[in-house]
Amino acid sequence: MKVLCLSMWFNDAGKHIADRAVHLLTKPGITRWVWSIRPGRDCTPQFLVALADYAGKTADQASVYVEPEEQPADRIERLSRAGDALLSTVEDEDYVLWHESDLFTPDDLVERLAAIDAAVVGGWPLLSHDQTKSLGIRTQKRMYLEGAIFYDTWGYRKDGTRFKNNPPYHECYREEPFPLDTVGSVALIKADYIRRGARMNGGGMVGLCDSIRQMGGEVWCDPRVPVVQPTELWTMNDD
Amino acid sequence: MRLTRLDDALVTPLAEMLRGIEPTFRPFDFTPEAIRMAVKEGDEHWVITTQRSGVVTYGMLRGWAEGYRVPALGVAVDDQQRRGGLATAMVLFLHYRARERGCTHVMLHVDDENAGAQSLYRAMGYRQEQDKWVCTL
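Chains Y and L supply the protein sequences, listed in that same order. Residue numbers for the first sequence follow my numbering, beginning at 1 and rising by one. Residue numbers for the second sequence follow my numbering, beginning at 1 and rising by one.
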């Protein structure tokens, strides 16, 4: 099984870039990585190239795409353009793993999401709080999630209604895999839909899920698969 | 944040940054003159700068200029910039530079009292050999 992992980066050099990049580069099941970097004054591209080398990946296995200097003012439009450029790098992979670069997921993420036979399968994005004191590439093995809140209330939708931060989240929510309209943050996507032309079209992951559903694909999520945004990784860059 | 080779214009800001950190890192005196003396052709000295704070991280690989095959690695981070992972990123970047130049090992010295640095380097694969720490690249 071939899996292409796509992520976006921007001015991330001082934001635990090594932990985050190595977390993605060492995740089992992924066979290729393409990273989009928004132009900035930051040394993120240099670090990412060095970190891919550290993880033993060749330039063919892990590559960096620098977005054009000219950027749309609207954030979602900008992210969508970069996202569509990333999606266009799909080759002969079976799946695309969309994985936001500041999120941490279990080692067996790909295996668990691929076990559900749907066009798109998302995990369950949670905002962590005070659960890990020493973050690193081993963090995902001891995620502690009790009390964490669901945070991707923009991306997760069903029947025109967004999910909420706290239980019961949405009337379609179940404690086992369930279908919905759109997901975000981290999702495994059958690559055939991308090769057939599915794109974000200005709507980010919501747009991509809509595009895939119009092609007949189903979107599911597995709330048992944690996707964690560790707040202790939040740092401020001064330029 | 910019990652650049240390040039003459950055020597004085680097000296100021180094004078402000804990005295567990002292490969040379923290004066512009001493830093200029320490920078030898063939070695590598890198800095990360920000517009607001100037030099915030320093990294070096030295020893090549004096004929050693295994370079000595050193990293220092401005106290105000700690806990952002810059030290880890800089060390891994220096490993990359060393590998690019054909090195199979790097070494460094860690102050016996500096438990934080020892923990960092151990987690990154360094092992202690008498008075130095060695990493296989």
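Do not take every clue at face value.
Distance ranges between label pairs, derived from CB positions [what the hints assert, rightly or not]: (1) L:R69 x Y:T31: 32 to 38 Å; (2) L:R26 x Y:A73: 45 to 51 Å; (3) L:E16 x Y:E176: 55 to 61 Å.
SDA-like mimics (lysine to any residue), calculated; alpha carbons at most 20 Å apart, straight line [what the hints assert, rightly or not]: (4) Y:K57 x L:K40; (5) Y:K57 x L:T104; (6) L:K132 x L:G74; (7) Y:K2 x Y:R32; (8) L:K40 x L:I21; (9) Y:K57 x L:R99; (10) Y:K57 x L:G74; (11) L:K40 x L:E66; (12) Y:K2 x Y:P68; (13) Y:K57 x L:T136; (14) Y:K164 x L:R99; (15) Y:K57 x Y:P39; (16) Y:K57 x L:E66; (17) Y:K158 x Y:D210; (18) Y:K57 x L:K132; (19) Y:K57 x Y:T89.
Keep in mind the hints are simulated off the structure, nothing from the lab. Built from N, CA and C at the ideal position, the CB exists for glycine as well.
Checklist entry - Is the straight-line distance between the alpha-carbon of K57 of chain Y and that of P39 of chain Y 20 Å or less? => result 23 Å, violated
Next on the checklist: What's the verdict on K164 of chain Y and R99 of chain L, does the C-alpha distance respect the 20 Å limit or exceed it?
Outcome noted: 48 Å, violated
Item to check | Straight-line alpha-carbon gap K57 of chain Y to K40 of chain L, limit 20 Å | outcome: At roughly 32 Å apart (the allowed maximum being 20 Å), K40 of chain L and K57 of chain Y break the hint.
Item to check | Agreement of K57 of chain Y and E66 of chain L with the hint, judged by alpha carbon distance not exceeding 20 Å | outcome: 32 Å, violated
Next on the checklist: Check whether the Cα positions of K57 of chain Y and T136 of chain L lie no farther apart than 20 Å.
Outcome noted: 17 Å, holds
Next on the checklist: Run the distance test for K57 of chain Y versus R99 of chain L: straight-line Cα separation, threshold 20 Å.
Outcome noted: 13 Å, holds
Checklist entry - Keeping to a limit of 20 Å between CA atoms, is the pair of K57 of chain Y and K132 of chain L held or broken? => result 29 Å, violated
Checklist entry - Quick one, are K57 of chain Y and T104 of chain L close enough, alpha carbons at most 20 Å? => result 17 Å, holds
Item to check | Pairwise hint evaluation, G74 of chain L against K57 of chain Y, where the allowed Cα distance is 20 Å at most | outcome: Since the Cα atoms of K57 of chain Y and G74 of chain L sit roughly 25 Å apart, the hinted pair is violated (cutoff 20 Å).
Checklist entry - Is the hinted pair K40 of chain L and I21 of chain L satisfied, with a Cα-Cα distance of at most 20 Å? => result Answer violated: K40 of chain L to I21 of chain L is near 23 Å, above 20 Å.
Checklist entry - Under the criterion that the straight-line Cα-Cα distance not exceed 20 Å, is the pair K132 of chain L, G74 of chain L satisfied? => result It holds: about 12 Å lies between the C-alpha atoms, which stays within 20 Å.
Checklist entry - Under the criterion that the straight-line Cα-Cα distance not exceed 20 Å, is the pair K2 of chain Y, R32 of chain Y satisfied? => result Holds. K2 of chain Y to R32 of chain Y sits at ~8 Å (cutoff 20 Å).
When each numbered hint is compared with the structure, violations occur for hints 4, 8, 10, 12, 14, 15, 16, 18.
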